[in-house]
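Novice: Taking this note's numbering, the leading residue of the sequence shown gets 31, the next gets one more, and so forth.
Just so you know, these hints were derived from the structure itself, not from any lab. Please read these numbers as outputs of a predicted model, since none were measured by experiment. There are no misleading hints in this set.
Pair ranges (Cβ atoms, derived):
# : residue 1 : residue 2 : range
1 : Gly199    : Leu75     : 53 to 59 Å
2 : Thr203    : Val50     : 50 to 56 Å
3 : Pro190    : Val43     : 35 to 41 Å
4 : Lys277    : Arg306    : 43 to 49 Å
5 : Leu75     : Asp276    : 19 to 25 Å
6 : Val40     : Pro275    : 45 to 51 Å
7 : Val104    : Ser188    : 25 to 31 Å
8 : Ser187    : Leu72     : 43 to 49 Å
9 : Met78     : Met156    : 30 to 36 Å
All residues carry an ideal CB built from backbone N, CA and C; glycine is no exception.
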Amino acid sequence: MDKAKKEKLVFFVIKSLAYVSAVFLALIVGYIFFKGFRVINLSFLTEMPENGITQGGIFPAILGTLYLVIVSFVIAVPIGILAGIYIEEYSSEIRFVRLIRVSINMLSGIPSVVFGLFGLAVFVEMFHFGVSVLSGGITLGILVLPTIIQSTIEALSSVPYSFREASFGIGATKWQTIKHIVLPTAMPGILTGIILSIGRAAGETAPIMFTAATFYTGRLPKSVFDEVMALPYLIYGLLTEGTFPDKQIPIAYGASTVLLLFVFALSLTAIIIRMRSRRRKKW
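With the hints as constraints, model all of the structure from the sequences given.
Specialist: This is the structure we're talking about:
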């Protein structure tokens, strides 16, 4: 077999695997949507759960998920961007940078349940935050921090060095160059990484299981030190601990659909940002 035929065969296999993966994904998502849209309506999204989550809505779980995402966003985004700027723009020690990059890659591969146990030991027990929005949000922030740092580094490294040289040539300082030239150019890539990280944080179950979430509560959180319901843990609880499966499983499908729509909305936002940034680069 000559080289051209081998390449065609490899491309055919890769394309076939991609189509198979897309089909399986479409089947899974389509099945969940088919089951979930049957129960979704305005009251399902805006009312409190009733009768042991066999009736009513999932508003506390939606609100709790948003609270956790916001806290994780506040924690992870500034630290992640500043860390990425330091590693890419300021650090001159090659060994140190390599060590940091290896550490980031290792953190990215750690199972989320380990982050949950870390959050339980440190924020819930050691710092006495208790099972709360604060403990869960910080844990989720640490979980997505490596992704934000890595996306920041990659976005900054994609900015041509000639942009920096031109800025230095007109007398700008290093920080002025980063602030006014490098960061605006790299921002679409950074935002894409941030949005995808938030989508991941919204769908995590294990970290909040130990640090923030409760299966059922009859009240909304009044502060960051209150425990909350959250969509991922609500779905898990309804499918594993529900005592009325005939009524609770449809609610679980509805909550799954809402969570998927939330993650899809974030992913679509990232795609739009990426497309706009490419158009600007072409112009």
